[in-house]
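Once you know that position 115 of the sequence shown is 114 in numbering that gives the first Met the number 0, the rest is easy, because the numbers rise by one and skip nothing.
These are computed hints drawn from the structure, not numbers from a lab. Here the structure is a predicted model, which is why all the values come from computation and not from measurement. All the pointers check out, no bait thrown in.
In the DMTMM-like style, the derived pairs of lysine to aspartate or glutamate whose C-alpha atoms are separated by at most 20 Å in a straight line are:
(1) K66 with E88
(2) K66 with D105
(3) K11 with E60
(4) K11 with E85
(5) K90 with E115
Computed beta-carbon distance windows for the label pairs:
(6) K11 with E37: 28 to 38 Å
(7) P82 with L6: 17 to 27 Å
(8) P78 with M0: 15 to 25 Å
(9) F46 with Q5: 29 to 39 Å
(10) L6 with K109: 39 to 49 Å
(11) M0 with R120: 35 to 45 Å
(12) R107 with M0: 43 to 53 Å
Cβ atoms here follow ideal geometry from the backbone N, Cα and C, with glycine treated the same way.
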Amino acid sequence: MNIVQQLEAEEKARVLGDRKIPDFQPGDTLRVNVKIKEGERERVQAFEGVCIARDGGGVNETFTVRKISFGEGVERKFPILSPNVESIEVKRRGVVRRAKLYYLRDRRGKSARIAERQTVRPAKGVVVPETGAADKGDEA
Numbered sequence: 000m001n002i003v004q005q006l007e008a009e010e011k012a013r014v015l016g017d018r019k020i021p022d023f024q025p026g027d028t029l030r031v032n033v034k035i036k037e038g039e040r041e042r043v044q045a046f047e048g049v050c051i052a053r054d055g056g057g058v059n060e061t062f063t064v065r066k067i068s069f070g071e072g073v074e075r076k077f078p079i080l081s082p083n084v085e086s087i088e089v090k091r092r093g094v095v096r097r098a099k100l101y102y103l104r105d106r107r108g109k110s111a112r113i114a115e116r117q118t119v120r121p122a123k124g125v126v127v128p129e130t131g132a133a134d135k136g137d138e139a
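Produce the entire structure from the sequences given, and follow the hints as far as they go.
As structure tokens, then:
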């Protein structure tokens, strides 16, 4: 690890503190809670939409979230390590085959939908054996 990577890792640990960044990728629906300062008051505002891109790396990494608000497309770009980003929640996982989903800007309605990624779960009542328990030949 060179000195730049070491400094970036230290800065990332310092900025994040006890915050946790979930593992997400383009196509996932996110809820980003952002701190908004209005005069003397500070409040948290949620911005929920589809992640259409992740850019950069290290301490400069950003992600772009797109939502439709009152019929208008709204995009916001957030730095991952910004102190104004209070938390990031993954609402649903999407299946896409691109790293950048800029084509969604031109789509409306059903054509702009993203399929949900299905997680494989065992069926009800099916007992999954522990690893090593179903070895052949060890019936003693």
